[in-house]
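Model the full structure from these sequences, guided by the hints.
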Amino acid sequence: MARNIEIKARAQNFDQLRERAAQIATEAPLIFRQQDFFYDVPRGRLKLRQFDDGTPAELIFYQRDDRDAPKASYYTRSPVTNPEAMHNLLATALTTRGIVSKERHVYLIGRTRIHLDRVDGLGDFVELEVVLAQDDDEEGGHAEARALFKSLGVSEADLVPVAYVDLLNAEDGSKQAA
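Note that my numbering has the sequence shown beginning at 836, numbered continuously upward.
Derived by calculation from the structure, the hints in this document are not laboratory data. Predicted model only: the values in this text are computed from it and were never measured. Don't take each hint at face value.
[As the list claims (entries may be wrong)] Simulated DEER-style distance windows between Cβ atoms:
1) 972 x 850: 30 to 40 angstroms
2) 1007 x 970: 34 to 44 angstroms
3) 887 x 920: 12 to 22 angstroms
4) 945 x 924: 37 to 47 angstroms
Just so you know, even glycine gets a beta-carbon here, dropped at the ideal spot from N, CA and C.
Below, the structure written as structure tokens:
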């Protein structure tokens, strides 16, 4: 499985983060809308990712701890040629856990991807993925993620330990309880 180090936080000032990311990025950002369909599985997370711009869909399985700190994520991806049929198959076989729709701005800095996300129903977030090669140690990725968050001005108080789908489901649960 491929792996990276991830860290996520609420973005208190999206425009300022975008300016800071643009200053340190090596290329102009990629900007697109995407939808992630999550399915209940016995371990990890499984999602079908679709893009609004015609980029091919992909099925992604990943495992990572839910912590508000840099954490290793182990993942595998597979292209999907017929996302509608794949969703129908997965929704029939598994429970659909939730759907996350977002606008994503992706900035590249060396081996790190900065995601500035505007998530429908949740707000703005910043997420880092430090891509690790097979021989890279995870501690180096953790240090890189912490240093980059610090240079972007992201506060530790804004760290988020879970996936967007978990935040959406928690918010839906609190609305139903009210």
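Comparing the hints with the structure gives:
Between residue 972 and residue 850 the C-beta distance comes to about 35 angstroms, which sits within the given range of 30 to 40 angstroms. For the hinted restraint 34 to 44 angstroms between residue 1007 and residue 970, the CB-CB distance of approximately 42 angstroms keeps it satisfied. Between residue 887 and residue 920 the CB atoms are about 19 angstroms apart, so this pair conforms to the stated range of 12 to 22 angstroms. Restraint check, residue 945 to residue 924: a C-beta distance of roughly 38 angstroms satisfies the suggested window 37 to 47 angstroms.
Every hint, counting from the list given before, is met by this structure.
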